[in-house]
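Residue numbers (the working numbering), protein chains in the order written: chain A, 1 to 152; chain B, 1 to 124.
Hint data in this document are derived by calculation from the structure and do not stem from the laboratory.
Only a predicted model underlies this, so the values are computations on that prediction, with no experimental measurement involved.
Careful: at least some of the hints might be erroneous.
Chain B regions said to be covered by chain A (calculated; three or more residues, Cβ under 8 Å) [what the hints assert, rightly or not]:
#1 9 to 18
#2 43 to 52
#3 75 to 85
#4 95 to 109
To be clear about the criterion: a stretch of chain A counts as covered by chain B if any three or more of its residues have a C-beta under 8 Å from a C-beta of chain B, and this derived list gives those stretches [to be verified]:
#5 17 to 27
#6 69 to 76
#7 79 to 87
#8 93 to 103
Where a beta carbon is used, it is the ideal one built from N, C-alpha and C, also for glycine.
Chain by chain, the residues:
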Amino acid sequence: MAALKESDLRLFVDSVTRYFQVTSRTPPQIAAAYLGTDSVPMHDLNGIVSFSGRFSGQVTVSLPAIAVRELLLMQRETDLSESNLLDAVGEIANTLAGNARQTLGNGLEISVPMTMRGRSGRPARVRQHPYVITFRWNTHPGLVCVDLDRVA
Amino acid sequence: MKLLIVDDSNVVRSRIARIVQRGALGPVTFVGLARNGQEALRAARQSPPDLVTMDLTMPGMDGLACIPELLALHPQASILVISALTDKSTAIKALRLGARGFLPKPFDDDALQLALLSLTARKA
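Please construct the entire structure, taking both the sequences and the accompanying hints into account.
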């Protein structure tokens, strides 16, 4: 496995910024971007997209339910059921993962999103230190965890 | 104008429908809100669409597999691909398969309206 550099992974900072700017007209404030250790603080709702092809790993988007609710309300969505909130966070993960192909190329295959409620049960890692981006959007905390490496 | 929306995300299907209903396309009839390519083809067989919005990454039949089959059924349909796969080769592939436009995700309301109007203006 050939490690991607931190500079390669910074594309996800731009992606998450663009996502919220475009869909809500309210950009997030990026708090930190760092190589994480074992404990990554997750929020209520998690969207996960797995990578395959010339790459391996996954990207996780984690947000509190209140943030996702507000995002949907800004988009004039009236269905605020849990399944729709999970769908929404899955779609954010799908967008970040798909957009990564613009930089990493079409050798990056992406899965359909999986969604998970709760703060525990992170998928198995490929990197010793995944790339973690923490941000605040509309006063709420969120994070993106990028666990991605090139398959040698 | 008969519109078929194809996306595995309920939130995205719902959002596209709302934007279209508020917009400048004129009266629109929704012939289907499909979660993947198979559902899209089933809906299109029942009611031929004029306009289709098509996601690419979907479970079961994905968008790139669905486009040629849908156009084989209804060559007059205008397909706008709306996808997070924003690499150039994917967009080219979709257009070569017969899609008439490509709108990258994330998109805002205006970008979607303009993309759909541009497809309908081309048909007129």
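Flag every earlier hint the structure violates by its number, smallest first.
2
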